[in-house]
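Residue 213 in this note's numbering is what sits at position 213 of the sequence shown, and the numbering runs on without skipping anything.
No lab work stands behind these hints: they were computed from the structure.
Treat the hints with caution; some may be incorrect.
35 angstroms max Cα-Cα, derived DSBU-like pairs, lysine-lysine [said to hold, decoys possible]:
hint, residue 1, residue 2
1, Lys197, Lys176
2, Lys271, Lys365
3, Lys57, Lys35
4, Lys57, Lys197
5, Lys176, Lys57
6, Lys233, Lys35
Label-pair distances were calculated between CB atoms; the ranges are [claimed, not checked]:
hint, residue 1, residue 2, range
7, Leu364, Leu237, 45 to 51 angstroms
8, Ile63, Tyr195, 21 to 27 angstroms
9, Leu343, Phe117, 23 to 29 angstroms
Where is the CB? At the ideal position from N, CA and C, for every residue including glycine.
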Amino acid sequence: MASASMPVSVPVPFSRGAGSNRSAGTWSSLSGARKFVVALAVLLIVFNVAIPKGGIKAGDLPITWGYLMLFLLVPVGLIGALRRPMPLAQPLLQVILFFLPVAMLILVKSVVYHLTFSALAVHEVLFFFLPVGVLVILGPYLEEVPADIIATTLLWCVRFAVIWGIVNFVLYPIIKDIIQIPYLTVNAADYGEIYGKNNRRGILMKLVSTYNNGNIFGACMVMLAPIYFLFEKRRLLLALFIIALVCTLSRTVWFGMVGVTGIMMLTGQIKVRNPRVWIGLVVAGGLLIMLLPLMGWTPEKLVDSNLGGRVKTFTNFEMTVLGGKTLMIPEVIYFGFLNSFGLVGTFFAVCAFAAGPVFGFLHLKSLSPLRRAATAGALGYVVLAAIDGCFVFPPVLAQFFFVTSLIYRRGLRPERKSFSLDNGVRQSYPARSGLS
1 MASASMPVSV PVPFSRGAGS NRSAGTWSSL SGARKFVVAL AVLLIVFNVA
51 IPKGGIKAGD LPITWGYLML FLLVPVGLIG ALRRPMPLAQ PLLQVILFFL
101 PVAMLILVKS VVYHLTFSAL AVHEVLFFFL PVGVLVILGP YLEEVPADII
151 ATTLLWCVRF AVIWGIVNFV LYPIIKDIIQ IPYLTVNAAD YGEIYGKNNR
201 RGILMKLVST YNNGNIFGAC MVMLAPIYFL FEKRRLLLAL FIIALVCTLS
251 RTVWFGMVGV TGIMMLTGQI KVRNPRVWIG LVVAGGLLIM LLPLMGWTPE
301 KLVDSNLGGR VKTFTNFEMT VLGGKTLMIP EVIYFGFLNS FGLVGTFFAV
351 CAFAAGPVFG FLHLKSLSPL RRAATAGALG YVVLAAIDGC FVFPPVLAQF
401 FFVTSLIYRR GLRPERKSFS LDNGVRQSYP ARSGLS
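Using the sequences and the hints given, assemble the complete structure.
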C-alpha cells in the first residue's frame, strides 16, 4: 500500500487559530454542547482503537472500557436522538431490513432450542445492540464532529497501536516478555495469559499490540488502513504501519493487506502507476521472507492446504433453510452464518454487513475523501471475513460499525469558501447538503 494520492491538509483541531478551516468546524469554533459530543466521540475512538482490550471480566465475559462506554452512551444518545430530526434513512433501513430479521431469528432459535443465555446475549449484541447503537443512535452524532478531529484522533490512536505493537514485537525475542498494563492495554483477568495462547512462531511472537491477538489487530488495521493512509503524511509512519501488519505473522492479515490494497486501487485512492505502491509491496514481501526462518517456516508453509485448521468449517456444516440447533460463528464467518442461520438467515446477515460498503461503492464519485476511504475499509473487512473475521471479539464489530457510520456521515459544512476534509474542494456548500 502507498500513501493516498489526493493531498489533504490536516490541521491541528484542538488548538486555536486553525486558519481558514475554522469555519469547517474546529474545537475552538464549536459550541459547548457540541464540544461535549466531540469529547465523547474522541474517548470512544481512543478506547476502541488505541487501547481496546483494557477492562475487567464478569465471570467469563470480558468487559472492555470501550464497549462499556458504548453501553452507557447508547441510552443517553437515544434520549438526544428523540429530540433530533429523523435519522439518516440508509443506516435505519440497513438495521430494519437486514439486522432485525437476523436478531429475531436468533431470539426464536434460542427459545425453540433452549440455547444458553450467554449464547443469546452475545449474538444479540452482535446483530442488534451494536448495529442499532452505533449505526442508528450514535452514528448520526458524527455529523457534529469535524472531520479534522476525527482524522487527528484516528491518526494518533493508530500510531500508538502500531508503535506499541512494534516495540513489543522487538522486545519479545530479546527478553522473552512484553509490556502489559493491566486494566489499560490488557484485560486485568487476562494479564500474562497471552504467552499461553497461539501467538508464538519460532523465536518470535505475533505482533499483537494492545489488541492481544495478531488476527484481531490485523483485521482492525485492515479496516482502518484506507482512512489512515488518507490522512497520514509521514512516510516513516506509513512504513511502520505496513511493517506492523507483516509482523502479525498471520496469513489472514497478509491476505487482508493485499485485498484492501486492491480495493484502494479500485476506488482510486492509490494509483497503480505510482512506483511507491510497488516499492511498498516489494519491501513488505522482502520483510516477510526475512521473517520466515525466525518463524520456523519454509516458503511452502505460506500456502496451507488446511487453511490453519479452517477447512473443517467448509466440510462440517449442513445446508438448511433456517440453520441448525446451535449458534456458533467461527473464523470463516460466512460458513458460520450458514450453520447458524441457514440459507434465509445467511442472506439477511450478509446483506446486513455488505449494505454499508455497497451503498458507498455505488455512490463513490459523489462521496468526500473520508467517506470513500471508509467505504474501502468496510469493504476490506467484508473480504477479510471470508477467511477470518474475528467476528465475536471486541473491538472488531464496534470498529466495523464506526467505519460504516463514516460512510453515511455527511459532515459539517464550511460557511464560507475554505478547504475541508468533509468535501475536499474549495467551494461553498449549504449545511448538510448532498452526498459529499
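Structure-based check of all given hints:
Distance hint between Lys197 and Lys176 is fulfilled; the C-alpha atoms sit about 15 angstroms from each other, no more than 35 angstroms. Restraint check for Lys271 and Lys365: the C-alpha separation of about 16 angstroms stays at or below 35 angstroms, so the hint holds. Simply put, Lys57 and Lys35 have alpha-carbon atoms about 32 angstroms apart, close enough for the 35 angstroms limit, and the pair holds. Between Lys57 and Lys197 the alpha-carbon distance is near 18 angstroms, which keeps this suggested pair within the 35 angstroms criterion.
For the proposed pair Lys176 and Lys57, the alpha carbon gap of about 26 angstroms is at most 35 angstroms, so the pair holds. Note on Lys233 and Lys35: the hinted pairing holds, with a Cα-Cα distance of about 27 angstroms set against a maximum of 35 angstroms. Distance hint for Leu364 and Leu237: a CB-CB separation of about 27 angstroms, inconsistent with the stated range 45 to 51 angstroms. Here the CB-CB span from Ile63 to Tyr195 is close to 23 angstroms, well matched to the stated 21 to 27 angstroms.
For Leu343 and Phe117, the hinted distance range of 23 to 29 angstroms is satisfied, since their beta carbons lie about 27 angstroms from each other.
Violated hint: 7 only; the structure is consistent with all others.
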